[in-house]
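In order, the protein sequence lines correspond to chains C and H.
Each residue of the first sequence is one higher than the one before, starting from 1 at the first, in the numbering used here.
Each residue of the second sequence is one higher than the one before, starting from 117 at the first, in the numbering used here.
Think of the hints as simulated: they come from the structure by calculation, not from any bench.
Predicted, not measured: the structure shown is a model, and the values here were computed from it.
Possibly wrong hints are sitting among the right ones.
[Unchecked claim] Reference excerpt, derived from the structure (chain H facing chain C, CB under 7 angstroms, subset only):
(1) Phe194
(2) Glu202
(3) Glu240
(4) Ala259
(5) Gly263
For each residue, glycine too, the CB sits at the ideal point set by N, CA and C.
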Amino acid sequence: MSEQRIDIEEVGSVTVARFLDKKILDEANIDKIGQELFGLVEQDGRTQIVLDFSLVEYLSSAALGKLITMHKKVTAAGGKCALCNIQKDIMDVFKITQLHKVLTLCGDLDDALSKF
Amino acid sequence: MTEYVAAFSVGVSFNCTTTVVPRCSSFLSVFLSHMSFYMPAASQLNVQIPSDTTEGLAVQEQIIALMEKHEYSMRDIFAMRLSLEEGITNAIKHGNGNDLKKNVTVYADVSDEKLRVEVRDEGEGFVPEAVPDPTADDFIDRACGRGLMLMRAYLNFVEYSEGGTKLTMERERNSELPIIDDDD
């Protein structure tokens with residue numbers, strides 16, 4: 001069994017998925033993270049999801065791709081996906097790529113939970 | 117298997133201070149006693165790796181180590197780590213098509229003022245102008261195509277030459293990000 005890349009917590013009806021990696025850069029790691037994220041929707045049927053970035057210091061464009069795909073999957077399932085606790089450097093990456101207009105970016109966890 | 121084509125170059129400079137020379141000391145001994153070794157003026161790395169992203173990450177770490185040696189800020193290191201990841205991964209995945217028989221060559225020149233990194237692949241090349249704008253309405257929700265955009269944002273100079281098989285990246289110390297459109 002390979003190591004989990006995401007920690008899962010239930011807060012009411014919302015699933016909080018916290019990334020455990022500081023650097024989401026490695027291709028194999030990103031694929032694993034994608035599988036775990038997509039499994040929340042496709043296998044577990046979860047549709048109210050908060051992604052917690054509090055530990056994340058680096059992420060690549062390949063990781064952004066997984067987040068976009070996750071956003072599409074949750075939306076297609078009639079749910080919502082919010083991102084929270086994003087460090088400034090990472091927030092810059094979202095803004096440079098204009099993804100702050102596509103994804104739901106929040107402040108802290110409470111702020112994200114208030115969106116549901 | 118990683119082939120290290122050349123090792124770091126190490127420059128040495130001398131710091132000669134003005135002092136009163138003691139009567140009993142020879143000039144040479146005083147000179148040596150006041151000579152000190154400084155940070156290298158520049159550091160170079162020239163590495164050839166197979167098309168394996170794990171090897172690519174190892175090269176990134178070596179270049180980041182050179183930046184740390186030259187005391188670059190965390191913001192500079194963030195910008196270069198991101199750009200190196202995008203540039204080297206592009207060469208491995210899109211340039212060489214993950215073909216382990218093809219290599220990627222990375223040359224880095226790190227000085228106190230700026231970094232210059234060249235990444236060469238053995239692929240067919242591409243036309244950078246043909247890469248769609250990932251922020252355009254038709255492409256904003258596509259899962260790929262943002263690497264080049266990020267490099268252009270975080271670097272002072274980005275150029276694909278030799279038919280798209282050679283990437284040149286430069287970043288000056290403490291460069292600012294471009295103004296980011298913050299509209300919601």
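(request) List, from low to high, the hint numbers that the structure doesn't satisfy. (result) 3
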